[in-house]
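**Q** Read off the chains here:
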Amino acid sequence: MSVTRRIALTVNGERHEADVEVRKTLVDFLRGDLALTGTHVGCEHGVCGACTVLWNGRAVRSCIMLAVQADGAELKTVEGLADGATLHPIQQAFLEKHGLQCGFCTPGFLMSIYELLTRDSAPSDEDITDTLGGHICRCTGYQTIVEAVHLAVEKMRTK
Amino acid sequence: MTGHDDIPKTLAGLPNSAPRYIGQPIERIEDPSLLTGQTEFIDNVVLPRMLHCAILRSPHAHARILSVDVSEAEKLPGVFAVITGEDAKRWSNPTMTVPPGWGTHCLATDKARFVGEPVAAVAAISRYVAEDALELIGVEYETLPAVADARKALDADSPLLFEEHGHNVMLQKVFTWGEVDAAFAHAAHVVQQTFRWNRLGANPLETFGVISQWDLVEGSLTCRGSFQAQGHFAMARAMVFNLPLNKVRFISQPHGGSFGGKGGARGTDITALLSRKAGGRPVKWIEDRMEYLAGGASQAWDRHYDAALALDADGKVTGFRVKLLDDLGATAEGWGAVSAAKPLTNFTGCYTIPAAQYDLTIVATNKLPGSPYRGMGPPPHNWVLEQLMDLAARKLGLDPTEIRRRNFIPPDAFPYTIASGNEYDSGDYRATLETALEMADYPALRAEQARARAEGRYLGIGVVNTIEPGVFDWNAYAIVGQPGTGVPEGCTIGIDLFGKLTIRVGFSLEGQGQYTVAAQVLADWFKIDIADVRVVALDTLSAPPHFGPGGSRLGVALTGAVLGAAHRLTQKLIAVAAVLFQTTPEYVELRDGMIGVKGMAEAQMPFQQVAQTMLARSDLLPPGVDPNPEATYVWTAAGRTPADDQGRAKSYLTAANACHVVLLEVDIETAQVHIEKYWIADDCGTRLNPANVEGQTQGGVAQGVGAALLEEAVYDEDAQLRTSTFMDYLLPTIYEVPMTEKRALCTPSPFTPLGAKGCGEGAMHTTPAAILCAINDALVPLGVQLFEIPASPQRIWTLLQSR
Amino acid sequence: MKPPLFDYATPATLAEATALLVHYDGEAKLLSGGQSLVPLLNMRLARPAMVVDLARIPDLDYVRADGDGFAIGGMTRQRSVEMSAEVRAQHPLLFAGMQLIAHPQNRNQGTVGGSLAHADPAAELPAMALALDATFQATGPDGVRTITAADFFLTYLTTSLEPAEILTAVRFPTLPARTGWSILEVARRHGDFGLAGVVAIVGLGADGRVASTRLVLFGVGATPIRAQGAEGLLVGHTAEPALFADVATRAAADLDEPLTDVHASADYRRDLARVLSVRALTEATTRARAA
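Chains as they are written, first to last, in our numbering: chain A, 1 to 159; chain B, 1001 to 1803; chain C, 2001 to 2291.
If you're looking for bench data, these hints aren't it; they were derived computationally from the structure. Predicted, not measured: the structure shown is a model, and the values here were computed from it. Among the hints, a few may not be true.
[What the hints assert, rightly or not] Cut-off 25 Å, straight-line C-alpha distance, at most; resulting in silico cross-link-like pairs (DMTMM-like, lysine to aspartate or glutamate): (1) Lys2029(C) / Asp71(A); (2) Lys1677(B) / Asp125(A); (3) Lys1677(B) / Glu1402(B); (4) Lys1173(B) / Glu1434(B); (5) Lys1742(B) / Glu96(A); (6) Lys76(A) / Asp1043(B); (7) Lys155(A) / Glu96(A); (8) Lys1677(B) / Glu147(A); (9) Lys1742(B) / Glu1027(B); (10) Lys1677(B) / Asp127(A); (11) Lys76(A) / Glu2082(C); (12) Lys1742(B) / Asp125(A); (13) Lys155(A) / Glu1027(B); (14) Lys1527(B) / Glu1630(B); (15) Lys2029(C) / Glu1135(B); (16) Lys76(A) / Asp2061(C); (17) Lys159(A) / Glu1586(B); (18) Lys1075(B) / Asp2007(C); (19) Lys1173(B) / Asp1155(B); (20) Lys1527(B) / Glu96(A); (21) Lys1742(B) / Glu147(A); (22) Lys1075(B) / Glu21(A); (23) Lys2029(C) / Asp19(A); (24) Lys1742(B) / Glu126(A); (25) Lys76(A) / Glu1040(B); (26) Lys1009(B) / Asp1428(B); (27) Lys1677(B) / Glu126(A); (28) Lys1500(B) / Glu1602(B); (29) Lys1500(B) / Asp1529(B); (30) Lys1173(B) / Asp1645(B); (31) Lys1152(B) / Asp2261(C); (32) Lys1742(B) / Glu1434(B); (33) Lys2029(C) / Glu21(A).
[Claimed, not checked] Covered stretches of chain A (in silico footprint by chain B; criterion: 3 or more residues with CB under 8 Å from a CB of chain B, positions within the stretch not fixed): (34) 28 to 39; (35) 43 to 55; (36) 73 to 81; (37) 90 to 103.
In this text, a Cβ means the ideal position worked out from N, Cα and C, and glycines have one as well.
Given only the sequences and the hints, what does the whole structure look like? Please build it.
**A** Below, the structure written as structure tokens:
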């Protein structure tokens, strides 16, 4: 009954090939098959944003994508942000601004902000709100996240 | 060896002339791991031979279970165990409840009492296969009439949740404090109003998860999971499974938020039973979001209020009556009833109200059992009190800020015992109010409001003052049947051979930054770099007595535990050092990270060196000293008293206070509310890490906005849940949550370590009231008022149509 | 919340795709962006025997300006339309409407064709298509045909696409000179489906009177609804507040009973349609005068 497909994809620069059940969601594949557990599952219906990853450079919700849809794709997850022991400027900004509390939603936020700041080095407040609006954080009330984005913009500009 | 007296109540009491960390908004030590996705949340944990659980849930609000046929499910390849209520009856007891006697087994046995109640469960090779198997289970139900309305549940002909009780009333009692009847009889003014607070709840971004494993040979149970209070859940499982407590081991993983309800008794028990049936293989269950919304710890505070204030001619409040009908749902398993008791800790708010009465009825209906949620009972209670204060001000022609000024407990009256028995430690409520008004430029706001009204726009201003009781105590919940006084919180501090320090605690990460606070305190005690301190979580069998986060308590309690343990450890080091310095301990001290002889600046050595000596040079140890540079201290609040027959006790140790000012606009055509600006003045005593405090405050505002405007678990009259996804249960996003301007005041607690107060719930205590008061302020010229929460656009529109 | 078992195919051509639809005879589901389908799979509310993924079929992902309109491939991500500088410059209504669709993370994955074929009556794209007289290109086993927007939306989540047809492209005309637009909605939160929404287009003649108009209401019926009776009150008259109130009242009154759900009653939705119609006509007229 169970149908599988062979897929090949690149995640954080590393190429993977795997036989995957066609019904498996992308987030379950990343977490279960590739052990990239930094991407979290919050709602499994595409609302909360905790599972956000970059799919060919664009932030998408990996809980409502099938793993087979990612065949041939280039993905980036939270594990691909830091450079060894050095946090990415966005991560560093979150650290400095207390942009997280429980940290469960944070990897999703980081990936969406990464997409925004790699596309636009000086985003408007509206663009920042638009980007963050697709994520739910239950702890922080968003204020320090916004501050972290502004600090990350600065850090990436001077980098 | 040492008691509370050795725990400094101010920074000056530390053996450090220049503390670097306490009071500073330092970066959190837990964050690098979280930011890189390395923190081990429960769903990241994979154990050998682990199976995955899925749970079949009742689609009916009330139904007799005639039969459950699992034979087809058991045949599905990849399925290793299927359990039903029969297994639960054979191998477990009904869970304990508060009030007692209103609980069930983890799987429905005779009947299902709410939509989403577990009926059967499967352990399979994957969650996908487990869910496939659920579809092969046949359940024969006989549906029964359901009751969804607490008022109807009181009727003599209501369907009964537990037939053996003969009624649905879990608890009914009237508590009277002072001469309430006289206050109302002699009042110059009385304001009375009914209020409706609808169900809502915690919704941490991580749902609950657990991996349970029976050791069939040893007869023991190990559970890993996102438990807010691991020891509490371990104790309850020991009772459910008739196990000695030392055969139950709970390991709390870091969790993605909790806000009161995380722990999942049913899921833990179900996975435990599945593991037992599957021959001891570990079984993982990760609650999905729809399970959480229908069957998890997602709902709190389903309340009908009828409340009144008595006032004298000058606007002094002389009496406060609250009649509460609290709908706890199908059972009392979720500890939601304690939320009805907690308002005793701040019943009369910031005010000198001498007499009060609480007429409390807790009733069962065919809805999800209620759970605790951030702030516990006071968010609805404070809304009722603060809205009544506004109504009274309007009746007396006073500004809402003026009526508050006339009733504040004065700063020289502390410690102050309120009518319902709790003691407030300290505060200056007037100063908090004036600070907030100054930040907001209150007169300018009123002028802006007047201008807008001239243009046909409806701005509302809310000004609300509240108390945040901090450092919870079980005795506060005595009226609903919770035993106990005191909540021990311990830690062990050790110095290793390389001179680094470890703090071992009995709780895991949850988001409040507690590990950072512990490290800050210890680093400043020994005057070391915070990077030299590590904090690790122990399981229930290895940690000292503990509870973990809850009731705005842990920051204070943990600080006490760390300071107490640090003091004890210091005494040990001093005893050893005295031998090395060839003197006696009373002449040796810890000063700025050095252990030295008093009055002899050159006679000293780094404290780490003393510890290393203990570990590596047993020959130098004095008699009676073991080679163990470690110390444990278990802190609990001093001076707590058991509750009397009216529920009165010294319970929560601290009383923080805050004033929130909000400016919002009601679009009277679309019925939408837009928050324009938000100011907060907050006094929670000494701020151990101000950035942590601000984060707690802003996060509480967000949840308060959700409560005020968005969040509602809706049941229809047949008790079917209509908000089963995040498309319908609406959490606030950045578009709805205001960025706030905050200012800190500091009235240190005279009773706590370093003068800190509980600060985790205050904004949630205040924001819903501030927003609702502001909405009603906006609506005054339209002649309508809203007394139901959330203030959804539908409710506001309906109200506006009624004009 | 894990999908049930199904089979999965990635046809390389439209012919293969339609052949699969024919073969599975109603038991196959097309997967484009998946923003609606995959949640339904996770909830096991959709239970197709076969999921046909259109992502590997070439030439379905484009935004092409053709002088007086934009032709957009069915598999074009909503975000690609939003990010198109040409769309932004030449079709501000389409641009504004895109920004109201959920959130960037959804628009990065969700497609134009997927949203239109899904035909949620509260969605923005169907309403814009109806207001703009968009044309739909459907490819089926018997070839390609064109469907007008007026004929496309039949009822709740139902279009005039045949079971084996695929929406391969849609063309949105741009607005002519002296024509203004507005798209407004009231949602519980930004990005949610609107409780009610309005697309208004107002074209002014040389005499300053309304020469042409479109008023489309969404979220208040089984499909997006063109308020033709109300439009009739506007054409030939001077656009002014009193008239907008009458037009909006008529538009709301002409609605069949709107949906009632946990967020809004039928009456509230109807009233929102009225309020938003006034505001949208006002805004569209202001833009027309400036255009």
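**Q** Hint by hint, say whether it matches the structure.
**A** Tested hints:
Under the criterion of a C-alpha separation no larger than 25 Å, the hint pairing Lys2029(C) with Asp71(A) is consistent with the structure, at around 19 Å. Proposed proximity of Lys1677(B) and Asp125(A) is supported: the alpha carbons are some 17 Å apart, at most 25 Å. Distance hint between Lys1677(B) and Glu1402(B) is fulfilled; the C-alpha atoms sit about 22 Å from each other, no more than 25 Å. The suggested pairing of Lys1173(B) with Glu1434(B) is violated, with an alpha-carbon distance near 39 Å, which exceeds 25 Å.
A C-alpha spacing of about 19 Å is found between Lys1742(B) and Glu96(A), which places the hinted pair at or below 25 Å, so the restraint holds. Between Lys76(A) and Asp1043(B), the direct Cα distance comes to roughly 20 Å. Compliance with the 25 Å bound is thereby established for this hinted pair. At roughly 12 Å between alpha-carbon atoms, Lys155(A) and Glu96(A) fall within 25 Å of each other, so this suggested pair holds. The suggested pairing of Lys1677(B) with Glu147(A) holds, with an alpha-carbon distance near 18 Å, which does not exceed 25 Å.
With a C-alpha separation of about 20 Å, the suggested pair Lys1742(B) and Glu1027(B) falls inside the 25 Å cut-off, and the hint holds. Restraint check for Lys1677(B) and Asp127(A): the C-alpha separation of about 21 Å stays at or below 25 Å, so the hint holds. For the hint pairing Lys76(A) with Glu2082(C), the CA-to-CA distance comes to about 23 Å; that is within 25 Å, so the pair holds. Restraint check: the Cα-Cα separation between Lys1742(B) and Asp125(A) comes to about 21 Å, which is no more than 25 Å; the hinted pair holds.
At most 25 Å may separate the alpha-carbon atoms for a hinted pair to count; Lys155(A) and Glu1027(B) meet this at roughly 17 Å. A C-alpha spacing of about 17 Å is found between Lys1527(B) and Glu1630(B), which places the hinted pair at or below 25 Å, so the restraint holds. This hinted pair checks out: Lys2029(C) and Glu1135(B) have alpha carbons roughly 21 Å apart, not beyond 25 Å. Straight-line distance between C-alpha atoms of Lys76(A) and Asp2061(C) comes to about 23 Å, which keeps the hinted pair within the 25 Å bound.
As the CA atoms of Lys159(A) and Glu1586(B) are separated by approximately 56 Å, the hinted pair breaks the 25 Å bound. In summary, the hint linking Lys1075(B) to Asp2007(C) is supported, as the alpha carbons are separated by about 23 Å, within the 25 Å threshold. A threshold of 25 Å between alpha carbons decides the hint, and for Lys1173(B) with Asp1155(B) the separation of about 18 Å falls inside it, so the pair holds. Proximity of Lys1527(B) to Glu96(A) is assessed by CA-CA distance (about 23 Å); at most 25 Å being required, the pair is judged to hold.
Among the hinted pairs, Lys1742(B) with Glu147(A) is consistent with the structure: their alpha-carbon atoms are about 15 Å apart, no more than 25 Å. Restraint check: the Cα-Cα separation between Lys1075(B) and Glu21(A) comes to about 21 Å, which is no more than 25 Å; the hinted pair holds. Between Lys2029(C) and Asp19(A) the alpha-carbon distance is near 23 Å, which keeps this suggested pair within the 25 Å criterion. Note on Lys1742(B) and Glu126(A): the hinted pairing holds, with a Cα-Cα distance of about 23 Å set against a maximum of 25 Å.
For the suggested pair Lys76(A) and Glu1040(B), the alpha carbons sit about 20 Å apart, so the restraint of at most 25 Å is met. Restraint check: the Cα-Cα separation between Lys1009(B) and Asp1428(B) comes to about 19 Å, which is no more than 25 Å; the hinted pair holds. Straight-line distance between C-alpha atoms of Lys1677(B) and Glu126(A) comes to about 18 Å, which keeps the hinted pair within the 25 Å bound. A C-alpha spacing of about 24 Å is found between Lys1500(B) and Glu1602(B), which places the hinted pair at or below 25 Å, so the restraint holds.
Of the supplied pair hints, the one linking Lys1500(B) and Asp1529(B) holds, its CA atoms being roughly 10 Å apart against a limit of 25 Å. For the given pair, Lys1173(B) sits about 11 Å from Asp1645(B) by alpha-carbon distance, which is consistent with the 25 Å threshold. Under the criterion of a C-alpha separation no larger than 25 Å, the hint pairing Lys1152(B) with Asp2261(C) is consistent with the structure, at around 24 Å. Between Lys1742(B) and Glu1434(B), the direct Cα distance comes to roughly 13 Å. Compliance with the 25 Å bound is thereby established for this hinted pair.
A hinted pair counts as satisfied when its Cα atoms are at most 25 Å apart, and Lys2029(C) with Glu21(A) qualifies at roughly 18 Å. Closer than 8 Å: that is the beta-carbon criterion, and the segment 28 to 39 of chain A has 5 residues meeting it against chain B, so the requirement of 3 holds. Coverage of a stretch by a chain is defined here by at least three residues with a beta carbon nearer than 8 Å to that chain's beta carbons; for the segment 43 to 55 of chain A and chain B the count is 6, and the condition holds. Chain B is given as covering the segment 73 to 81 of chain A, and this holds because 4 residues of the stretch bring a CB closer than 8 Å to a CB of that chain, at least three being needed.
Beta-carbon proximity to chain B at under 8 Å applies to 9 residues in the segment 90 to 103 of chain A; the threshold of 3 is reached and the given coverage holds.
Checked against the numbered hints given earlier, the structure breaks hints 4, 17 and satisfies all the rest.
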